[in-house]
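The residues making up each chain are set out below.
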Amino acid sequence: MADLTTDFLGIKSPNPFWLASAPPTDKEYNVRRAFEAGWGGVVWKTLGAEGPPVVNVNGPRYGAIYGADRRLLGLNNIELITDRPLETNLEEITRVKADYPDRAMIVSIMVPCEEQAWKDILPRVAATGADGIELNFGCPHGMSERGMGAAVGQVPEYIEMVTRWCKQYYDKPVIVKLTPNITDVRKPAAAAMRGGADAVSLINTINSITSVNLDTMSPEPSIDGKGSHGGYCGPAVKPIAMSMVSEIARNPETHGLPISGIGGITTWRDAAEFISLGCGNVQVCTAAMTYGFKVVQEMISGLSQWMDEKGYTSVEEVVGRAVPNVTDWQYLNLNYVAKAKISQDDCIKCGRCYAACEDTSHQAIAMSDDRTFRVIDEECVACNLCVDVCPVEGCITMEPMAPGEVDPRTGKVVEKEYANWTTHPNNPGAVAAE
Amino acid sequence: MSTPMTPGIAKARLPAETLAENFDDLHAPFAPHEAAVAADRCYFCHDAPCVTACPTDIDIPLFIRQISTGTPEAAAKTIFDQNILGGMCARVCPTEDLCEQACVRELAEGKPVEIGRLQRHATDTLMAKQSHPYERAPETGKKVAVVGAGPAGMACAHRVAMHGHDVTIYDAEAKAGGLNEFGIAAYKSTDDFAAREVDWLLGIGGITIKTGMRLGEQLVLDDLVDGFSAVFLAVGLGGVNALRSAGEDKEGVRDAVDFIKELRQASDLTALPVGRDVVVIGGGMTAVDAAVQSKLLGAQNVTIAYRRGRESMSASEYEQDLAASKGVRLMFNAQPVAIHGNGAVCEIELEYTSDDGSGLKGTGETVRLAADQVFKAIGQTLTTNGGLEMDGRKIAVTGAGRTSRAGVWAGGDCASGGDDLTVTAVAEGRDAAMDIHAMLSA
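These protein sequence lines are chains X and A, in that order. Numbering (our numbering) for the first sequence: 1 to 434. Numbering (our numbering) for the second sequence: 1001 to 1442.
These are calculated hints, taken from the structure and not from any lab test. Keep in mind that a hint or two might mislead.
[Said to hold, decoys possible] Straight line, CA to CA, 20 Å or less: simulated EDC-like cross-link-like pairs of lysine to aspartate or glutamate:
no.	chain 1	residue 1	chain 2	residue 2
1	X	K226	X	E79
2	X	K341	X	E317
3	A	K1142	A	E1347
4	X	K349	A	D1226
5	A	K1111	X	D308
6	A	K1111	X	E393
7	A	K1188	A	D1024
8	A	K1326	A	D1057
9	X	K310	X	D328
10	A	K1111	X	E87
11	X	K12	X	D407
12	A	K1210	A	E1251
13	A	K1188	A	D1321
14	X	K27	X	D69
15	A	K1129	A	D1192
16	X	K349	A	E1106
17	X	K167	X	E115
18	A	K1326	A	D1040
19	A	K1129	X	D215
20	A	K1175	A	E1109
21	X	K294	X	E36
22	A	K1111	A	D1097
23	A	K1188	A	D1097
24	A	K1175	A	D1191
25	A	K1111	X	D345
26	A	K1210	A	D1222
27	X	K349	A	E1262
28	X	K416	X	E393
29	X	K349	A	D1222
30	X	K412	X	E379
31	X	K349	A	D1191
32	X	K187	X	D215
33	X	K349	A	E1251
34	X	K349	A	E1096
35	A	K1188	A	E1106
36	X	K172	X	E91
37	X	K349	A	E1017
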């Protein structure tokens, strides 16, 4: 079984699966259960400044999006940071860390954008023996209205400034958690790096309204007939998160900056994908909130099995393996030509490929009276829609054409050489190939 | 109280609670979440094979999608637009031979989308909520006679009435419904569904039902043709084929359809007698319905004896499995030759058969089964044709049910073409109605 031990910023954990700062990590009781279940680390739910803690709503905090059979695909929440006294949290963190020295213990913090506020809290956090801190610059609701959370994360200068204070007043790793509610995630990541951040973690939740109650006309979750946008997370946000992670990983300015990946990680495979895109570890919340802490056991066994099968001996070996293959559209090989192919043995004759192609794409699938579906190579642009809508995995495949073959759609010979848009004759800005 | 072991024909072989349980819904209706999960399995196929397989052409992918989006009432409208008896068809259709057999998931996994149960979910939801979902067109003053208040007749009457014509339905029985009311296993139509469906269907208005009127007795076709603009015959198959075996007249030998009818109309199942050793002769749905219900009433041994092999049995594989699961023995290649007993039947003698390709022949070897009750289920016949041209043993029809006589249409089991199924009868009734309407509007 592959060794899943992870060293992230010098913080060791038995596996790369940490629980993200969220309701599952709000109390000693939960965190002890998480560690007993096998989680490699936790990011304790965000602490606020000394004084009366925040209050939460007393009605529904979560809203959901479902797939078939009420499978939870997306969750949103309007919960705030911890609503328990600071001292209580600090005492609990100290006790748990002492009892689980081999697990990563990170403390999430969110206090006002004033140097003194950070100066006050950081030594108290340091005294817990925690392994590092995570700056919550991402929470999109409630706290942002008070100038914290996403309100900081949306202003790169604030990120840099606060990060610098933290590095100044705290001597262990500082992770900056980024909000996705911005247009270009590279900017806040670069700001964190300039401020001296040891790592970034992303994504925090996305502004969202999950549903509207059509009887009361209130967004849900509804509090006495009104709703507010919440933070969206769960499997539905994974593609957005992975894109943002990859942007940071391949941006020359931030390349090499350690990343803790967050966003819809539900299985070992999700985790492996985030790691391949440059994450040194991953953080999980919705999967645990949906299925309980036990899900980590599948993540551990699955990742080990896959690593064994691939011959990877450490998580470190996987980190960033896919990053060189993430590129811009303009660099994609336009001489690569594929055609859809339907396996008649696997086809169950539902006709979804036909409807999709005929109604919404390129009329490249023929249907016979006996419901045999066949790709018309002369029309097929290899868009992949038929593959995506086919209910049978592996029934329709995209088969690359070999160089030298003639593409029946264009009548052109498939070239062996790579050529992209930058040199394409149709590109007004094309530069001649050297 | 008697038990399954009590010899002869006896009532109350099982306690009332057991009987109630045995004759409850064969398939419990879907709870809303079950329906949602079942609906989610539908792939929404293009030009879906299930629709092609449905004799009434219900847009199945559409109604299932309407269920999955939380509008089972709209789903029901999609169903009723094509099949006004969609509620009964959801219960009695041999879906395993029709839509569910054609379902691509049957091909893929051997587990089709449960179309029948989903249809029931939709139709039950609407029928529980709404008195009647269609509005009748302004009255035309035209009069149409429908003979037979079974599925074909009711479907025709509804469609004709909906277009504004006045309909009089004549039926030989004391109440409407035809085979839905008298001829289907009780566990497929619980809580008096057939009668409730008739009442609901009549909500369209413009339909009068006259019972106790049998064609060839109280009714004469010539009079109907004279008195109405159009006549639709849907008289079914009222006669029963004879075994033509020695001893057929012994006590304890009866027609399966009569037994099924008596059972359907019984208000107290503990008062309904059944044999200890029951033998049903036949290979169709009627044979299965009689055999299974005998078993459920408490018969100790029930055997279906069919003269041909399993592959020729007209009862579907699903029905065969159902019978077997209830403890009915299926015996193939055995034909009755004699019924023995002193006054009442006590044994049936069957001859083994074989077919080497030149036709079914007895082998000369016989076997005797203990039997204190024998049900004949070897097919029904037309009792009267009103002097119309015949196609084999049924009234000849062309197009949308047109008979050899102008102004007279026929459909359902009495007419040629199509399988003898409720759903086929509904389709024929509906199509004849549209043809009649077109003729009346011309």
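For the pair supplied as a hint, K349/X and D1226/A, confirm whether the alpha-carbon distance does not exceed 20 Å.
violated, 52 Å
20 Å limit on alpha-carbon distance, applied to hinted pair K1142/A and E1347/A:
Violated. K1142/A to E1347/A sits at ~57 Å, over the 20 Å cutoff.
With the threshold set at 20 Å, check whether the alpha-carbon distance from K349/X to E1017/A stays at or below it.
violated, 47 Å
Pairwise hint evaluation, D1040/A against K1326/A, where the allowed Cα distance is 20 Å at most
Violated, at about 31 Å.
CA of K1111/A to CA of D1097/A, is that 20 Å or under?
holds, 13 Å
Holds or violated: K1111/A and D308/X, Cα atoms, limit 20 Å.
violated, 36 Å
Just to be careful, I want the Cα atoms of K310/X and D328/X compared with a cutoff of 20 Å; is the pair within it?
violated, 28 Å
Regarding the pair K1188/A and E1106/A, is the alpha-carbon distance no greater than 20 Å?
violated, 23 Å
Can the restraint linking K187/X and D215/X be considered satisfied, given a maximum Cα separation of 20 Å?
violated, 42 Å
Given the hinted pair K349/X and E1096/A, is their Cα-Cα distance within 20 Å?
Holds, because 18 Å separates the two Cα atoms, which is no more than 20 Å.
Against the 20 Å threshold, does the CA-CA distance of K1175/A and E1109/A hold or violate the hint?
Judged against 20 Å, a Cα distance of about 44 Å means the pair is violated.
Does K1210/A pair with D1222/A here, judged by a C-alpha cut-off of 20 Å?
holds, 18 Å
Of the hints listed earlier, those the structure fails to meet are numbers 2, 3, 4, 5, 8, 9, 10, 11, 12, 14, 18, 20, 27, 28, 29, 31, 32, 33, 35, 37, in rising order.
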